[in-house]
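All chains, please: the whole structure from these sequences, using the hints.
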Amino acid sequence: MTRILVAEDDMDLRQIIHDLLTANGFEILLAADGREALLLVKQNKPDLLVLDLAMPEVDGWHVAEALRESPSTRKLPILALTAYAMADDCERALRAGCDSYLSKPFVLDDLLVEIHRLLKRTPPA
Amino acid sequence: MKNPIDSKPSACKVLVIDDEPGLRQMLQFSLKKRGYEISCAANGAEALALAAEHPFDVAICDIMMPGQNGIEVLTIFKERYPATEIIVATGYATLETAIEAMKNGAFDYITKPYRLSHLCALMDKAMEHRRLIAKVDHLEEVNRLKTEFVSTMNHELRTPLTSMTGYVELLLRGAYGKLPERAREILNRIETNAGTLLGLINNILDLSKLSAERMVLSPETFALDDLMKEVVEALESLAKSKKLQVRCRAPKGLTVYADRTKLRQVMFNLMGNAVKFTLSGHVAMSAQKGGDSTDVELRIEDTGIGIAAKDIPLLFQEFKQLDSSDTRAFKGTGLGLAISKKLITLMNGTIRVESVPNKGSTFIVNVPIAGHPVARSQSNDDLPGQALRADVTVRHVLVIDDDPQVCAAFSEALSQDGYDVQSLSSGALAIERLKQVRPDILILDLIMPKVTGFDVLKAMDRDAGMESATIFVMSDKELTREESDYLEKRVAWVLQKRPTDLNGLMRDVKKKLGTLRRGS
Numbered sequence: 001m002t003r004i005l006v007a008e009d010d011m012d013l014r015q016i017i018h019d020l021l022t023a024n025g026f027e028i029l030l031a032a033d034g035r036e037a038l039l040l041v042k043q044n045k046p047d048l049l050v051l052d053l054a055m056p057e058v059d060g061w062h063v064a065e066a067l068r069e070s071p072s073t074r075k076l077p078i079l080a081l082t083a084y085a086m087a088d089d090c091e092r093a094l095r096a097g098c099d100s101y102l103s104k105p106f107v108l109d110d111l112l113v114e115i116h117r118l119l120k121r122t123p124p125a
Numbered sequence: 001m002k003n004p005i006d007s008k009p010s011a012c013k014v015l016v017i018d019d020e021p022g023l024r025q026m027l028q029f030s031l032k033k034r035g036y037e038i039s040c041a042a043n044g045a046e047a048l049a050l051a052a053e054h055p056f057d058v059a060i061c062d063i064m065m066p067g068q069n070g071i072e073v074l075t076i077f078k079e080r081y082p083a084t085e086i087i088v089a090t091g092y093a094t095l096e097t098a099i100e101a102m103k104n105g106a107f108d109y110i111t112k113p114y115r116l117s118h119l120c121a122l123m124d125k126a127m128e129h130r131r132l133i134a135k136v137d138h139l140e141e142v143n144r145l146k147t148e149f150v151s152t153m154n155h156e157l158r159t160p161l162t163s164m165t166g167y168v169e170l171l172l173r174g175a176y177g178k179l180p181e182r183a184r185e186i187l188n189r190i191e192t193n194a195g196t197l198l199g200l201i202n203n204i205l206d207l208s209k210l211s212a213e214r215m216v217l218s219p220e221t222f223a224l225d226d227l228m229k230e231v232v233e234a235l236e237s238l239a240k241s242k243k244l245q246v247r248c249r250a251p252k253g254l255t256v257y258a259d260r261t262k263l264r265q266v267m268f269n270l271m272g273n274a275v276k277f278t279l280s281g282h283v284a285m286s287a288q289k290g291g292d293s294t295d296v297e298l299r300i301e302d303t304g305i306g307i308a309a310k311d312i313p314l315l316f317q318e319f320k321q322l323d324s325s326d327t328r329a330f331k332g333t334g335l336g337l338a339i340s341k342k343l344i345t346l347m348n349g350t351i352r353v354e355s356v357p358n359k360g361s362t363f364i365v366n367v368p369i370a371g372h373p374v375a376r377s378q379s380n381d382d383l384p385g386q387a388l389r390a391d392v393t394v395r396h397v398l399v400i401d402d403d404p405q406v407c408a409a410f411s412e413a414l415s416q417d418g419y420d421v422q423s424l425s426s427g428a429l430a431i432e433r434l435k436q437v438r439p440d441i442l443i444l445d446l447i448m449p450k451v452t453g454f455d456v457l458k459a460m461d462r463d464a465g466m467e468s469a470t471i472f473v474m475s476d477k478e479l480t481r482e483e484s485d486y487l488e489k490r491v492a493w494v495l496q497k498r499p500t501d502l503n504g505l506m507r508d509v510k511k512k513l514g515t516l517r518r519g520s
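First to last, the sequence lines map onto chains A and B.
Residue numbers for the first sequence follow the working numbering, beginning at 1 and rising by one.
Residue numbers for the second sequence follow the working numbering, beginning at 1 and rising by one.
Don't take every hint at face value.
[To be verified] Below, in silico cross-link-like pairs of lysine to aspartate or glutamate (EDC-like), each with a Cα-Cα straight-line distance of 20 Å or less:
hint	chain 1	residue 1	chain 2	residue 2
1	B	K242	B	E301
2	B	K178	A	D19
3	B	K450	A	E69
4	B	K289	B	E220
5	B	K450	A	E65
Since the hints were derived computationally from the structure, they do not count as laboratory data.
Predicted, not measured: the structure shown is a model, and the values here were computed from it.
Structure representation (structure tokens):
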């Protein structure tokens, strides 16, 4: 089963993404901040990371950079979520190593489409 | 935040820097009598020591002094205490000395021997100058806080809205069980309203950025007819549901150089309004080359309800809807036209409307976007937001800092002034990039994990291909003697970094860039 880690500090949004992705046949892990996200990636080796950028402890940009620096997670697909909807934030996300991004609020279908697109690019081994 | 406008005037604190003891005594005595608070220094070192204890409003600095001369004292003093206004006093008033002093930041000069009343008048003028500067700073700060507030609120509003629409979507998808038909209808209405709310939030953000003159255009070259088709297609289904005809006529192969996203927003607003306010007939968008070589004229025409002549002046105002009653027939935020007008003005264009009630309206946009960027570099002069940048060729700034907030602050602050700003988050990335580009200005954080700012500078020392005309470095740590010596030779300026006062940092950098620019 394809395993997705969702790192998002907003409880409701975490729940929504969880419910959506579970209903679509994914196995879901949840993290409420950047530190937890880094830990869970290490322990559980997810196939994809959905990463909120504005998070406490360690923010999404730093999570992405840290993952890109380590050889074992360099290729992990990362989908960033941002609430700022400004070109600059999105660019920063890509520069930090995220593969693509969605601006909040997003349509759930777009989230599914992006996830499938990113997974196809790097199919699970 | 202290409001300088409300604060009571207190005694003017004056520092007299003069090597003549007699003159110091005389000024101490007579200025004190006139209500000034006086301190005296016999040379530059004494002056700086006094200023370190408490700030002065005005300093009167003698030019001819043994050891350090007045210009040197003035330069150092002004660098450390930029808020103090300095009046230089000179015994042999050559114009050159005076000009030199003014260049180095003096407020004014006075020729010895001078009348006390003349000196006092100059000091009063200097105080007034200070007060005005403080007022402008304060207003700029208030405006900045307001824009920041709107941007933060915008973010805060988006998060709960995302959860609301997310749950509604999941409910509609049946993720929590099958729903009765009526419940689905209601959920659809919630979804529509959430969409309206998001549109409003986006508009407010745009409007606040436009009002603060913080909206930056990113022009590109593209085919105008493609964009027009895109807009028409997006509105087609809505028009069809109202049985309206949609026409679009654009000259084939007309390329323009403009901010595509923002031009699209304007077209979408105007065409969207046309569809919204037309009950039968047609809406049409056309474009043609206008009067001069760069002018493009867009016409958006409808057979809608029209606008009464008396209402036309209200049309482009923020939050004004012509029918603002609760029962009004047409919903909307009333921001679309205000934003469109501001966007077109930013592009140095104009927008106007011709309308006959119950017959229809035509919006006419004239904007200088035809052709290619080079032909039009001078067209921005009389734009308020861009007046300062008109004579400045865009200079490339590269910011290296591991703190994304610092990068974002630079990017925001400097692109406003017409700089092309790029930022990178690590020293390693910086070294790679500097092998490819030569920024005009490099702003480099010294303290970064792994590859530090010093490492970047050393890499540049080793590789002659890596260069930048001007280098600023930032540090929030005490530098060792060795480090200071190295930097003194290597970089233009060492900035004291204060992570908690990014605005102060931006102001310092802007000021420094301003002097570089004037010097060049």
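Status of each hint after checking the structure:
{"no.": "1", "hint": "B:K242 - B:E301", "in the structure": "holds, 16 Å"}
{"no.": "2", "hint": "B:K178 - A:D19", "in the structure": "holds, 15 Å"}
{"no.": "3", "hint": "B:K450 - A:E69", "in the structure": "holds, 12 Å"}
{"no.": "4", "hint": "B:K289 - B:E220", "in the structure": "holds, 18 Å"}
{"no.": "5", "hint": "B:K450 - A:E65", "in the structure": "holds, 13 Å"}
Going through the hint list in order, the structure satisfies each hint without exception.
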